[in-house]
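Number of protein chains: 2
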Amino acid sequence: MTMEKIEIIGMVAAVLTTGSFVPQVYKTVIEKSTKDISLTMYTAMFIGVTLWFVYGVLIHSISMMLANGITALLLLIMIGLKLKYK
Amino acid sequence: MTMEKIEIIGMVAAVLTTGSFVPQVYKTVIEKSTKDISLTMYTAMFIGVTLWFVYGVLIHSISMMLANGITALLLLIMIGLKLKYK
Numbered sequence: 005m006t007m008e009k010i011e012i013i014g015m016v017a018a019v020l021t022t023g024s025f026v027p028q029v030y031k032t033v034i035e036k037s038t039k040d041i042s043l044t045m046y047t048a049m050f051i052g053v054t055l056w057f058v059y060g061v062l063i064h065s066i067s068m069m070l071a072n073g074i075t076a077l078l079l080l081i082m083i084g085l086k087l088k089y090k
Numbered sequence: 005m006t007m008e009k010i011e012i013i014g015m016v017a018a019v020l021t022t023g024s025f026v027p028q029v030y031k032t033v034i035e036k037s038t039k040d041i042s043l044t045m046y047t048a049m050f051i052g053v054t055l056w057f058v059y060g061v062l063i064h065s066i067s068m069m070l071a072n073g074i075t076a077l078l079l080l081i082m083i084g085l086k087l088k089y090k
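Line by line, the protein sequences give chains F and L. Throughout, our numbering is defined as the position within the first sequence, counted from one, plus 4. Throughout, our numbering is defined as the position within the second sequence, counted from one, plus 4.
It is worth saying that the hints were derived from the structure and are not from the lab. Positions of the beta carbon are idealized from the N, C-alpha and C atoms, including for glycine. One or more hints might be untrue.
Selected chain L positions facing chain F (Cβ under 8 angstroms, derived; list incomplete) [stated by the list, open to error]:
| hint | residue |
| --- | --- |
| 1 | Thr-6 |
| 2 | Leu-20 |
| 3 | Gly-23 |
| 4 | Ile-34 |
| 5 | Thr-38 |
| 6 | Lys-39 |
| 7 | Val-53 |
Based on the sequences and whatever the hints tell you, model everything.
Below, the structure is given as structure tokens:
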């Protein structure tokens, strides 16, 4: 498989993993309930994704910076919602 | 920064992002409630992480295969729990 085709798989993967938090944020904003959501999960993931962002900066990968930067923002919104509607 | 130090950041990031699902699975198993959890989020993320796994196979990255393989398994458990306790 060519490097271009492999990178397309990586890009689709990035859009899906980053974008997956959008329906969760939407659901939480509408329903104003976070009882079943683990704050530990979102906190650990936020720190992890921030480190992936730093990794992306260090290896000069624009796609890693972009995907992890947006994910970190969505996770921060979820942490805010969890603390607001706990 | 040396490549070794950068890879350590990547490894800590991988442990945190993959491991973050463990407290969520634990919480859901104990509380048997998934009302506030978005099935769309977990489905999109499962497909995305599976593609990251395929990407890891194609670029021969053991750490990507390992991290995304374990994450896919934890997401599959969450999808099963969501369908069981909806």
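Results for each hint:
1. Interface restraint check: Thr-6(L) against chain F, minimum CB-CB distance 10 angstroms, threshold 8 angstroms, status violated.
2. Hint status for Leu-20(L) relative to chain F: holds, with the closest Cβ pair at about 3 angstroms, below 8 angstroms.
3. The beta carbon of Gly-23(L) is positioned within 8 angstroms of a beta carbon in chain F (closest approach about 6 angstroms), and the interface hint is therefore held.
4. Given hint, Ile-34(L) at the interface with chain F, is violated; its Cβ is 11 angstroms from that chain's nearest Cβ, farther than 8 angstroms.
5. At its closest, the beta carbon of Thr-38(L) sits 6 angstroms from a beta carbon of chain F; the interface hint therefore holds under the 8 angstroms criterion.
6. A least Cβ separation of about 6 angstroms between Lys-39(L) and chain F falls short of the 8 angstroms threshold, and the interface hint therefore holds.
7. Residue-level restraint check for Val-53(L) holds (minimum Cβ-Cβ distance to chain F is 6 angstroms; threshold 8 angstroms).
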